[in-house]
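Add chain C to chain X, keeping to what the hints say.
2 protein chains.
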Amino acid sequence: MSELEHEEITPQSEDFSRWYVDVVRKSEMADYTSIKGCMVIKPYGYALWENVQRLLDRRIKKTGHRNAYFPLFIPESLLKKEAEHVEGFAPEVAWVTHGGHNELEERLAIRPTSEAIICSLYSKWVKSYRDLPLLINQWANVVRWEKVTRLFLRTTEFLWQEGHTVHRTDVEAEEETVKMLNVYKSFAEEDLAIPVIAGEKTARERFAGALRTYAVEALMADGKALQAGTSHNLGQHFAKGFNIKFLDEDQVEKFAWQTSWGVSTRLIGAIIMVHGRETGLFFPPRVAPVQVIAVPILFDKTRDVVLEQLDKIVADLEETVRIESDARDSYTPGWKFNEWEMKGVPLRLELGPRDLKAEQAVLVRLDTREKVTVPLDRLKTEIPRILTEIQQAMLERARQNLQQNTRTVGSYAEFQETIEQQRGFVLAPWCGNPACEEKVKEETRATIRVIPFEHKGQGNCLVCGQSNASVVYFARAY
Amino acid sequence: MSELEHEEITPQSEDFSRWYVDVVRKSEMADYTSIKGCMVIKPYGYALWENVQRLLDRRIKKTGHRNAYFPLFIPESLLKKEAEHVEGFAPEVAWVTHGGHNELEERLAIRPTSEAIICSLYSKWVKSYRDLPLLINQWANVVRWEKVTRLFLRTTEFLWQEGHTVHRTDVEAEEETVKMLNVYKSFAEEDLAIPVIAGEKTARERFAGALRTYAVEALMADGKALQAGTSHNLGQHFAKGFNIKFLDEDQVEKFAWQTSWGVSTRLIGAIIMVHGRETGLFFPPRVAPVQVIAVPILFDKTRDVVLEQLDKIVADLEETVRIESDARDSYTPGWKFNEWEMKGVPLRLELGPRDLKAEQAVLVRLDTREKVTVPLDRLKTEIPRILTEIQQAMLERARQNLQQNTRTVGSYAEFQETIEQQRGFVLAPWCGNPACEEKVKEETRATIRVIPFEHKGQGNCLVCGQSNASVVYFARAY
Chain X
2 MSELEHEEIT
12 PQSEDFSRWY
22 VDVVRKSEMA
32 DYTSIKGCMV
42 IKPYGYALWE
52 NVQRLLDRRI
62 KKTGHRNAYF
72 PLFIPESLLK
82 KEAEHVEGFA
92 PEVAWVTHGG
102 HNELEERLAI
112 RPTSEAIICS
122 LYSKWVKSYR
132 DLPLLINQWA
142 NVVRWEKVTR
152 LFLRTTEFLW
162 QEGHTVHRTD
172 VEAEEETVKM
182 LNVYKSFAEE
192 DLAIPVIAGE
202 KTARERFAGA
212 LRTYAVEALM
222 ADGKALQAGT
232 SHNLGQHFAK
242 GFNIKFLDED
252 QVEKFAWQTS
262 WGVSTRLIGA
272 IIMVHGRETG
282 LFFPPRVAPV
292 QVIAVPILFD
302 KTRDVVLEQL
312 DKIVADLEET
322 VRIESDARDS
332 YTPGWKFNEW
342 EMKGVPLRLE
352 LGPRDLKAEQ
362 AVLVRLDTRE
372 KVTVPLDRLK
382 TEIPRILTEI
392 QQAMLERARQ
402 NLQQNTRTVG
412 SYAEFQETIE
422 QQRGFVLAPW
432 CGNPACEEKV
442 KEETRATIRV
452 IPFEHKGQGN
462 CLVCGQSNAS
472 VVYFARAY
Chain C
2 MSELEHEEIT
12 PQSEDFSRWY
22 VDVVRKSEMA
32 DYTSIKGCMV
42 IKPYGYALWE
52 NVQRLLDRRI
62 KKTGHRNAYF
72 PLFIPESLLK
82 KEAEHVEGFA
92 PEVAWVTHGG
102 HNELEERLAI
112 RPTSEAIICS
122 LYSKWVKSYR
132 DLPLLINQWA
142 NVVRWEKVTR
152 LFLRTTEFLW
162 QEGHTVHRTD
172 VEAEEETVKM
182 LNVYKSFAEE
192 DLAIPVIAGE
202 KTARERFAGA
212 LRTYAVEALM
222 ADGKALQAGT
232 SHNLGQHFAK
242 GFNIKFLDED
252 QVEKFAWQTS
262 WGVSTRLIGA
272 IIMVHGRETG
282 LFFPPRVAPV
292 QVIAVPILFD
302 KTRDVVLEQL
312 DKIVADLEET
322 VRIESDARDS
332 YTPGWKFNEW
342 EMKGVPLRLE
352 LGPRDLKAEQ
362 AVLVRLDTRE
372 KVTVPLDRLK
382 TEIPRILTEI
392 QQAMLERARQ
402 NLQQNTRTVG
412 SYAEFQETIE
422 QQRGFVLAPW
432 CGNPACEEKV
442 KEETRATIRV
452 IPFEHKGQGN
462 CLVCGQSNAS
472 VVYFARAY
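For the record, the sequence lines run as chains X and C. For any residue, its number in the working numbering is found by taking its place in the first sequence, counting from 1, and adding 1. For any residue, its number in the working numbering is found by taking its place in the second sequence, counting from 1, and adding 1.
For reference, chain X alone in the conformation it holds in the complex (with noise of 0.2 Å):
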């Protein structure tokens, strides 16, 4: 950007869809492109991407996964292996039929998802019982050819991780998916400072092809929910239509059961909608891109001196910390503290030549806009403890955002007030019947979240009135 002025974002409270879209583009995160749905992911949020991507792997790879690499394409006839899969896919393919000057003998779908690809080679890699577990994990691209789209959350090419994986027994294979469901869920407490709610998905929710959906729901800041992450258990509907057999210890041959689950850059969208601000927006210090932007005052007489500690300081801070300086000459002080933190950076370091005097910085808090003088001999230890502190704050900020806005309903009348009026999580009975769900979609734009773990009580099914109905979460969402 070379204007002088800063460009307007709307601010939240106004227009929640536009604040977004202003956020996303003016902080250079990301940007629309010439290809319909398809996104660029710039610098600045890549580099959130990268460490989203760097902690996740790590509690990906310490349960036991491996990562590997299996081909973008998918010929047509693997695709239709997995009668529901297929159906599930087969209207947001993008399909190649043509190499270089050729037409293609049979056509390849560009992977909306792996697992017809990693299951016809599982079926050869798989023959003992000693094979298994097999645990294996791909970070790649994907491609669905999606109708309405918006930047990180609905595109048609995105970046995900995808874990496939494959076991002896129904029990094991279930164990892995919850596992992988608590991975994500620590995950986006502990990294995102998200919370989340867990659960299992309704069979329209389902993915298509698996036995059981799982999923992790977070609240973004406009009351509306995000599926954030999703585990399924694929019992044997994949082992058996791609032949994945094992011989097992008692010398008889089964079909093995296998997992999948996912989380992909849609994730961002939601660090950005659970944290943003009004005007601007705000990284949890885990992922931040930069986490201390540090500014020098400059005037002409200490300039120098002032520039060369700078750099000094933050050369020794760069080993713990993610800082940058910006000590470009044509903005001014306050230009670049209002910059910074429409960026979402949620520290910032102050160092004058009064401050350089006293040999001391000034450290300011994106979230409290509390202002701290630190011995420049402290920095090395008070900045990681302030970013822990901010970091914490944010999880508890939105722990009590989530908590006010998980709502229980005594009838559909106040369901239907409460979706419209008030959004978040509505906590209320529904009977398990499809026609229910359906309903309360049509009328209200609701739909089931999950069905949570823990038991949250039971009553009459809000639509049709049968009793005994567990209570599960509604909510509007992405």
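Be aware that one or more of the hints could be misleading.
The list cannot tell twin chains apart, which means a pair is met if one copy fits it or any two copies do.
When the alpha-carbon atoms are kept at most 27 Å apart in a straight line, the in silico DSSO-like pairs for lysine-lysine are as follows [said to hold, decoys possible]: (1) K37 x K125; (2) K82 x K302; (3) K313 x K63; (4) K381 x K82; (5) K82 x K128; (6) K62 x K313; (7) K381 x K241; (8) K180 x K62; (9) K62 x K27.
To be clear, the hints were calculated from the coordinates, so they are not data collected in a lab. This one's a predicted model, so the numbers in the text were calculated from it and none came from an experiment.
Positioned in the frame of chain X, the structure of chain C alone reads:
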């Protein structure tokens, strides 16, 4: 692998190509898939790629570049904006023609390289000299419809990084092009232990659309060369095709100058073919997926205590080195030694009951087979030291091989004989005429690998005899 028998590796000296496929497949680095020319990179191979990525990414960032992510798709009209570029790549493009059930209005190329899509965005991002230099890199998959493919070396889909930079002047662009070539050179030598020859490509081997292409070339153990990385000075070719202009400090609007540069999963092929042994792999410690394999020597009576101690030792070393222990019951220590040697692990740690009593472990180097006994409390310093030694020895050995197989010839007859019987690099004068270059290729299958930066002498052209021809590097290549 559940078999107790070792699968045979064709000896390298017997049949290099079969050896290559054997070590790649039997070490479980990668395998073929049912999709023509596409491979699957299995966890052991992908772990190597992750190390390669991490170390190169660090170098790319240290030189001021930031990562981003651009779309997989390039509309046909964009690809056509630079005439030479589309001519070069069109025969290799995979085309998407359908999204879901609908035919697209304009077909989309799957990126064979991303200049076109990136330049179309840069034309919007670059407005002023203050926006320059623009230094962006991308890690991504690309697709080229290849006729003949080989695991890692030439596959329809492959993984790579591609840097795309924009500069104010031709001098800056040239500096960047050479700087990144040197980053590749240092990376190959210091991290991969692969010495390379750097220089300029001839017009025939130039990147489609570039002004000048530079490359680093390595020598494989079979005497064939392999292009390990390329760096292109794009001049203003793309800036003019895509209208990338900036307002310079003198208020004059000018076309920008650009570069692009990349290395790919091909590098893994180079690592295998430079360092591989007669019947197995050999990975340089800095990138080895497993640096140390710990093998317990188990007897019934002492089994538990040895395993318990080994677990402790491994847990303690894990912070310092990439160590794994192979405590599988169904295999003998001897079998495991062979297995991990085949898989190229540079150092083995053995621990038996007698070692334990003496509070020591045995370390065995893969290159020298040298066995040393090390007190347990010194493992943490000794292992990194030995790994560094192995890394240096590998580079030294590869350097000697390169030196011994770089020959100067006096006549075309001698050239032909050398290329046919000894392979390696052959230094010979070339007048600069593409016809002479073509003749050599047709008659000997050798190509000019690079025109070296350092003057290697002059003489009469190998083919036409013209005087004052500069000496260049010829070789048969992958």
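Evaluated hints:
Proximity of K37 and K125 under a CA criterion of 27 Å is satisfied inter-copy only: 17 Å between copies versus 38 Å inside one chain copy. Within a single copy, K82 and K302 get their C-alpha atoms no closer than 74 Å, and across copies no closer than 52 Å, so neither meets the 27 Å cut-off. For the identical chains of this complex, K313 and K63 are inter-copy neighbours only, at 17 Å across copies versus 36 Å inside a copy, given an alpha-carbon limit of 27 Å. In this assembly of identical chains, the alpha carbons of K381 and K82 never lie at most 27 Å apart, being 57 Å within a copy and 51 Å across copies at closest.
In this homomeric assembly, K82 and K128 come within 27 Å of each other (Cα to Cα) only inside a single copy, at 20 Å, whereas the closest approach across copies is 51 Å. In this assembly of identical chains, the alpha carbons of K62 and K313 lie at most 27 Å apart only when taken from different copies (20 Å versus 36 Å within one copy). For the identical chains of this complex, K381 and K241 are neighbours neither inside a copy (57 Å) nor across copies (49 Å), given an alpha-carbon limit of 27 Å. When the C-alpha separation of K180 and K62 is checked against a cutoff of 27 Å, the pair qualifies only within one copy, where the shortest distance is 13 Å, while the shortest distance between copies is 35 Å.
Taking CA atoms no more than 27 Å apart as the test, K62 paired with K27 passes between copies only; the shortest distance there is 23 Å, against 35 Å inside one copy.
In terms of the numbered hints stated before, the structure departs from hints 2, 4 and 7, listed from lowest to highest.
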